[in-house]
Amino acid sequence: MTWETVIGLETHVELATATKIFCSCTTQFGGAPNTHCCPVCTGMPGALPVLNEKVLEYAVKASLALGCTVTQNCRFDRKNYFYPDLPKAYQISQLYLPIGRDGKVSFPLPDGGRKTIGIHELHMEEDAGKLVHDPWQDQTQCDYNRCGVPLIEIVTEPDFRSGEEVVAYLEKLRETLQYLGVSDCKMQEGSLRCDVNLSVRPAGSDELGTRTEMKNLNSFKAITRAVQYEAQRQIERIQEGKRVVQETRRWDENKDATYPMRSKENAQDYRYFPEPDLPPIQIGDDDLARLRAQMPEMAEAKRERYQAQYGLSAYDAGMMTSEKALADYFEECVALGAEPKTACNWIMTQVLRKLKELGQEPGRMAFTPDRLCRLLALVEEGSLNRNTAVAVLDAVFEDNGDVDEYVRAHGLSQVRDTGLIEAVVAQVLADNPQSVADLRGGKEKAFGFLVGQCMKALKGQGEPKLVNETLRRKLEEL
Amino acid sequence: MELLDLTALQLGEAIRRGETTIPAATQAALDRVAAENPQNNAYITVLGQQAMERAERLQAALTPDSPPLYGVPMGLKDNLCTRDIPTTCASKILGGFTPPYSATAAERLEEAGAVLLGKLNMDEFAMGSTSETSCFGPVKNPRDLERVPGGSSGGAAAAVAAGMGWYALGSDTGGSIRQPASYCGVTGMKPTYGAVSRYGLIAYASSLDQIGPLARDARDCAAILDQIAGADRHDATSVAGPYGNVLASLDGDLRGVRVGLPQECFGQGLDEAVERAVRAFAKALEARGATVEEFSLPIMDYAVPTYYILACAEASSNLARFDGVKYGWRAEGYEDLTDLYNKTRTQGFGWEAKRRILLGTFVLSSGYFDAYYKKALQVKAVIAAAYRAAFERFDLLLTPVAPTAAPRLGESLSDPLKMYLSDIYTVPVNLAGLPGVSVPCGADEAGLPIGAQLIGPAMGDAMVLKAADAYQREVRA
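Chains A and B are the protein sequences, given in the same order. Residues 1 to 478 (the working numbering) are what the first sequence spells out, left to right. Residues 479 to 955 (the working numbering) are what the second sequence spells out, left to right.
Bear in mind the hints are in silico, worked out from the structure with no lab data behind them. All figures in this text were calculated on a predicted structure; none of them were measured in a lab. Glycine is no exception: its CB is placed at the ideal position from the N, C-alpha and C atoms. It is possible that part of the hints are untrue.
Covered by chain A, according to a simulated footprint, are these stretches of chain B (three or more residues, beta-carbon under 8 Å) [claimed, not checked]:
#1 704 to 714
#2 789 to 803
#3 834 to 845
#4 922 to 932
Part of the chain B face toward chain A, derived, beta carbon under 10 Å [unchecked claim]:
#5 558
#6 559
#7 565
#8 567
#9 677
#10 680
#11 816
#12 824
#13 825
#14 851
#15 891
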């Protein structure tokens, strides 16, 4: 029998707001334990939540980008459970009226095809804190810095059939949210976390099998392997005549296997009810229209446009759109008059090389598009040769130094004075009769030697094309 | 001049005129506390030296333009957070808790020059109608030490009645300001929901809780409301409202004011003396120019069950944070996390709190949510609509505050259902989010105080205080 794997995802994404969802504490990652806290996010008695409007804005933008219907009259609910990382003993979330519903996302697959999956809902909620177990003292310590960091949870329909589809969707999701500027989606910092609901069924069946939920999937690689493992585990159980237990399982990266965490069959009753401390939210038609108008051009659209409009290759267009900050950089260079392919080449080779060297992200780059454009213009007009230009970029990149000033200060401009070049060429020919004779005798190598002698006399700054041309002309004239 | 007989506004004026000093007033109140508190147990925490030091500082900064309540000593119910001062909710489970911040209402009074005398006893987590469920022992009614002061703001009402401070802030979720005010013979007001920021009020039932004043008369209440009301960026449910100038609007003139008497409030279970006193109150309003008319408000009968479902549901969630992990008291000898939770909460909460947590957990549980919580929310909306309709005909409603005067200590605890039913006149006001004031209006045969309740439309806080003040002018005249 062939089996089909059926997968649905619940993805938690941390929103990139400066402050938390219900108080004004910073959302910065890291920080000494319990230093990004206040009475509100630590659930002190009497403290009350007040919604950060930015969170609502980001959640609406994400809903729109994922094709969801925005719930214009929505509200928050309390999800009640006891755990030390949840200081109020309830999480403010959305159950009854999530901000986004019934979305659709289409994305390319590695085999060249496309896939469209349904978004069941998107809702806003607050993150919990972190528990750190100290084995030496046999103590568990609570760090509430993460409490109240805004999250959106995106729940898909069970529309995936493989780990590859899941990863392709997540890449599209990450790209979309990064382009919106609503999240940095860093899996390693936990700002994108994914739970995978998986069941198996005989191929062709319409019924869903019993599903398990997998947690602790910290990378795309982990997701792919966990899906493979878990599907195989369930198939084997069924083939052995056993039944799949509905439960939450934890992926163990080191052991390459999933292990049961808790059974869903005696599931917790979260006793959801409307959050009385926060008034219902109303999103007016005007606000919705305004946010819709702010939606940026997404990566896939840019990739297509770069190929059609600028003639970039698919690979180059993909590189330029790999991050929104890089695409913005590229587009600004083009807007400043740079030839698109040239700008693209320089960005891919030199700019990305420097960023890697400095360990910087494109969004934090000091080197501005106008500086790069100036450099490209100097190369174009022949004032700088390419190698010198690379050296200039190396020198000014980190501090965004002035290109012209640097070239002037270091005397790097190419010699394009035809009179000077002619004089030098004449002198070199006069000084090297043997090489001229060799050249005449068919030794092409001798030409290179003569060029080298000219460049040496010009201190390396002769414009190569001009030197070449002059030398050929003078040789013919001899 | 007997300082303790003055109203808060009179004392403020005497201070500004230099007829007395803030330290003198503070000392007089502290002396009274020292004499009476061992009997009536109104205060949990008394700030003796701290209050005197503040009084000295305020006196030094006094100007003729200082605000009306500048330098007037007062107390706060112990569910209002006060920075660096223990805040207990009269519960063992908050033992050792000192808030790092102050409630907005407390802060606004501090800015207006209040001298805080201490923190006032109450029913544990404001759950109760008698102030007997406190882990610090019951509060006793200063009018009769055999009687309860009412609850849950019993310490606040007792303190104001006994001259242990000129006014107090309490909280009212189902009558917790108005009913003890009535039992102790002081004026107590529950403002419109949202009029006063709840930031720093340790929540019992968030959608019903409201902070308000207990004082010597309606004018004092108005002056306090002017100080504490208005929008607060820390409370999303707070509203700007027409506040800040309520005191100035109290002119004693009730001409053209239409007062409705719901028949359902004058039927079975109402003590005769209470009915007589409230009807006499209506006559006094008429004397000031109001018209009084009876009408029917049958939906009131659903208020008590609706209230207990909603309040307990919210309480079960609000009180879940008291788990022994972060602050307050933690049980000893636990074996693991679940055991820590179980032991701390079992030993840390009193019976009434536990009863309401269990009730609330039940009505929110899967399978029961629709039948109880959801239904109660629907009934709440119907009740609110019925009151809105009533306020199309009337400017104010007049009812008793409680069916009887103060019961004896211990009488109510043995029969919680009876205690819950005695909230019949006060809880609908919270469900509808309306302002209500409890005004002393005579005494029963035993000389125990009786209170009348004036209810206004949403944001009609000035109207209820104006009528209460008109009554007090009328009976003084």
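Against the structure, the hints:
no.	hint	in the structure
1	704 to 714	holds (count 4)
2	789 to 803	holds (count 9)
3	834 to 845	holds (count 4)
4	922 to 932	violated (count 0)
5	558	holds (8 Å)
6	559	holds (5 Å)
7	565	holds (7 Å)
8	567	holds (8 Å)
9	677	holds (5 Å)
10	680	holds (4 Å)
11	816	holds (8 Å)
12	824	violated (14 Å)
13	825	violated (16 Å)
14	851	holds (6 Å)
15	891	violated (25 Å)
Checked against the numbered hints above, the structure breaks hints 4, 12, 13 and 15 and satisfies the rest.
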